[in-house]
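J.: Spelled out, the chains give:
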Amino acid sequence: MSSTIHLVNESLTVPVSWYLLLSVALFAVGTAGALTRRNGISIFLSIEVMLNAANLALVAYSRQLDQRTGQILVFFVLAVAAAEAAVGLALFIAVYRQRRTIDINRINLMRH
Amino acid sequence: MQAIDLLWLVPALPLAGAAVNGALAYGRAPKAAVTAVALGAPLGSLLVAAACIWQYLASGLYPRAVEHVSYAWTAGTLDGLTINVAFLLDPLAAVMLFIVTFVGFLIHVYSVGYMGHDEGYARYFAYLNLFMAAMLTLVLGNNYLVMFVGWEGVGLCSYLLIGFYYDQEFPPYAGKKAFIVNRIGDFAFLIGMFALVARFGTLDFLPIFHRLAAQPALGTAAYAGGLSFAAFVGLCFFIGAVGKSAQIPLYVWLPDAMAGPTPVSALIHAATMVTAGVYMAVRSNVIYQLTPGVSLLVAVIGTATALLAATIGMAQNDIKKVLAYSTVSQLGYMFMAVGVGAYSAALFHVLTHAFFKALLFLGSGSVIHAMGGEQDMQKMGGLKKRLPVTYRTFLVGSFALAGIPVFAGFFSKDEILAAAAASGMPLHWLFWGVGWITAGLTAFYMFRAVHLTFDGTFRGTHEQEHHLHESPPVMTVPLIVLAVGAVISGWVEIPLLRGGNWFHRFMEPVVATTAAIRDGATGKGEVGTPTEALLIVLSVGIAFAGILFARSIYGGAAGAQRGMAFEERWPTLHRLLANKWYVDELYDAIVVRPLHGLSWVFYRVVDMLVIDGSIRAGAAVTRASGDLGSLTTTGNVRNYALYFFLGVLVLFWWIAR
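First to last, the protein sequences are chains A and B.
Under this note's numbering, the first residue of the first sequence carries the number 1259, and numbering increases by one thereafter.
Under this note's numbering, the first residue of the second sequence carries the number 398, and numbering increases by one thereafter.
What the hints contain is simulated information worked out from the structure, not anything from laboratory work.
Some hints here could point you the wrong way.
[Unchecked claim] Chain B side only, calculated, beta carbon under 8 Å to chain A, not exhaustive:
id	residue
1	612
2	1038
3	1040
4	1046
[Claimed, not checked] Far from chain B by the CB rule (all over 12 Å, computed), these chain A residues:
id	residue
5	1272
6	1274
7	1289
8	1290
9	1296
10	1298
11	1307
12	1322
13	1339
14	1347
15	1354
[Claimed, not checked] Have a look at the derived ranges for each label pair, beta carbon to beta carbon:
id	chain 1	residue 1	chain 2	residue 2	range
16	A	1293	B	1028	12 to 22 Å
17	B	1019	A	1297	35 to 45 Å
18	A	1349	B	1004	21 to 31 Å
19	A	1340	B	1014	53 to 63 Å
20	A	1286	B	1014	15 to 25 Å
21	B	1041	A	1297	56 to 66 Å
All C-beta atoms, glycine included, are put in the ideal place defined by N, C-alpha and C.
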């Protein structure tokens, strides 16, 4: 099936599937980062990337389905992301005060 | 109020006596109180029983049977099956009642002397009274279940009294052996009762016997395992009797039961409990009349037991063992009589045997008492001068056992042998022959015992010789009374004379061949008078032969040495007999050891390995999976993030499915 959408005025358009692919790629990158980074802040960065990948997917579908709902949801996601980052950073500050490090390999009191 | 209404007191009084003395056994009650209760209860039973029997005979109730319901046991609780605690008084019950109460009372009196110095005096009398209660329940019950309650009760008391000296090693073991071997018979007895309930819906004697007599086909139509109904029930009950009355193959408990106090051996293992099987068979004679096959088996086992036990008794040195095997042998005679259909003859022998065997046991108790506890005849000798009353009564008992005329045993044993000879059963001449030979052996082993114990020179220690004394009157008077009984109890059945056979005629309402049952193989036939006279001569002859032979070997001053030389002439045979034909060892090998092995398998393999093992395996699996699971708690946050991620993948897969 053709990945291009021809509009009436024949101007060139980016196919929606490309946006989705980018979203997936971003998500994968974010996941890989979240799983492998040592520094806590880096993990948060990666999580932000994952959230934005989701935002991108939402917007792409909103465009394809010609509905505003996806775009409204993006705002929710953004707000949640911000709140979560704030809480997480607060946690890390507390941990740092205790352990003088935010290397997550060293924060392992829950070890068996 | 008639005396018969008080019949329930007969078993109830000793029961109460047992309860009182049982309680007193825990305190420090004065011996007089214990004795009063212990003697009062059986005396009360005796008096009530005498009154009841007197009324039964004098006021025309005989020959009918009298039933008295004391308690409606299962009224309305078991659908259809009505069992009452009810008592029956008929000729058979009257005879047994007389034996148990009279001989029982005498033995209680004797025990006051014999057990006077024992720590467990009150406990002993509690058990002995309990035994009387159970035995009286057994003989007075009007249905099989009440009889069975008594049956089990006497088994319990036998166990308690055999193991009376529980601080020694052997008596408790002997008590266990008695109870366990008995149990085998009891199991068969129960099966028989179940069959009766299934067929007749009742366990009461009179209805069952009437219905059986009205349907002789019950003796022929196949019922179970190729046997007819009557044969099946008869066989089950007979197996019960084999256990209780110590016949082949379940007699092995009785010689070991001699570990109990001697009056116990006299009462339980001679006069009363062991005769319960004979009583049961005579009571159930209708069943046995219907099944010649099982009756033949009864006669065969009885005869074989009589012979086997007599052979063993010839080589025993413990005086009580001689008497124990003698009891087994005489019980064999009783079953021989039952087998050939001479039920009243069997009961007659129960009567005479109760007197002379109790006498012999009590006499041996007197000897043992004088010997300070020694029971080995090889260490006795010459006691007749020191124990004159004991000696003379013992002699009376021995003559009675040997079957010398005038004494009781002659009449009863002769009647059994005559019945065997007259019977229409196959092999009946074999029964007579074996019985005849056994009579000779009986006379021999008994007088061997008499000579070794009372004649010759004393072979014990000096202390024992010093201690020798005749027993006090509380012990010798019962001996004398029993001796009188051992003479005159036979006179109720004098054969051949015109007015004789009184006992047989007395018993007729109970044991007469019912009209509907053909006078077949179990019918008691008649021999002509000349034949019976010949048989009498032969019996008396072999009895005298046995006595004289024993005297020739064991009599006189040098009897013991001559005896030992004689026994050494046949070492193998003597060893076989002295070791009871190694039957106990045989049972040990084929029954006890395999059971131990099986028990070991069940314990080590099935219980410890399999059952405990599977529980432990379950616990181990849980623990291992727990250990496995705890591997995930690394404390490493990145691992946890990985788990999130994996979970998300699973979710994706699940949604996309």
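J.: Regarding the assertion that residue 1307(A) does not contact chain B, is the least Cβ-Cβ distance greater than 12 Å?
T.: holds, 14 Å
J.: Confirm or reject the statement that residue 1296(A) sits farther than 12 Å, beta carbon to beta carbon, from all of chain B.
T.: Per Cβ check, residue 1296(A) is inside 12 Å of chain B; nearest 8 Å; violated.
J.: Holds or violated: is the Cβ of residue 1290(A) farther than 12 Å from all Cβ atoms of chain B?
T.: The assertion about residue 1290(A) is violated, with a minimum of 10 Å to chain B.
J.: Any Cβ of chain B at or closer than 12 Å to residue 1347(A), or is the non-interface label fine?
T.: holds, 15 Å
J.: Quick check: does the Cβ-Cβ distance between residue 1019(B) and residue 1297(A) fall within 35 to 45 Å?
T.: holds, 40 Å
J.: Taking C-beta pairs only, is residue 1274(A) more than 12 Å away from all of chain B?
T.: Non-interface label on residue 1274(A) holds, nearest chain B Cβ at 20 Å vs cutoff 12 Å.
J.: With 56 to 66 Å as the target window, see if residue 1041(B) and residue 1297(A) comply at their CB atoms.
T.: With Cβ atoms ~19 Å apart, the hint is violated.
J.: Against chain B, does residue 1298(A) keep a CB gap of more than 12 Å to every residue?
T.: violated, 9 Å
J.: At the C-beta level, are residue 1349(A) and residue 1004(B) separated by a distance inside 21 to 31 Å?
T.: Since residue 1349(A) and residue 1004(B) have Cβ atoms about 57 Å apart, the given range 21 to 31 Å is violated.
J.: For the pair residue 1286(A) and residue 1014(B), does the Cβ-Cβ distance stay inside 15 to 25 Å?
T.: violated, 45 Å
J.: Against chain B, does residue 1354(A) keep a CB gap of more than 12 Å to every residue?
T.: For residue 1354(A), whose nearest Cβ neighbour in chain B is about 15 Å away, the distance exceeds 12 Å, so it holds.
J.: Would residue 1339(A) pass as off the interface with chain B, using Cβ distances and a cut of 12 Å?
T.: Given a closest Cβ separation of 17 Å, the condition holds.
In the structure shown, a violation is registered for the earlier hints numbered 1, 3, 4, 7, 8, 9, 10, 18, 20 and 21, in ascending order.
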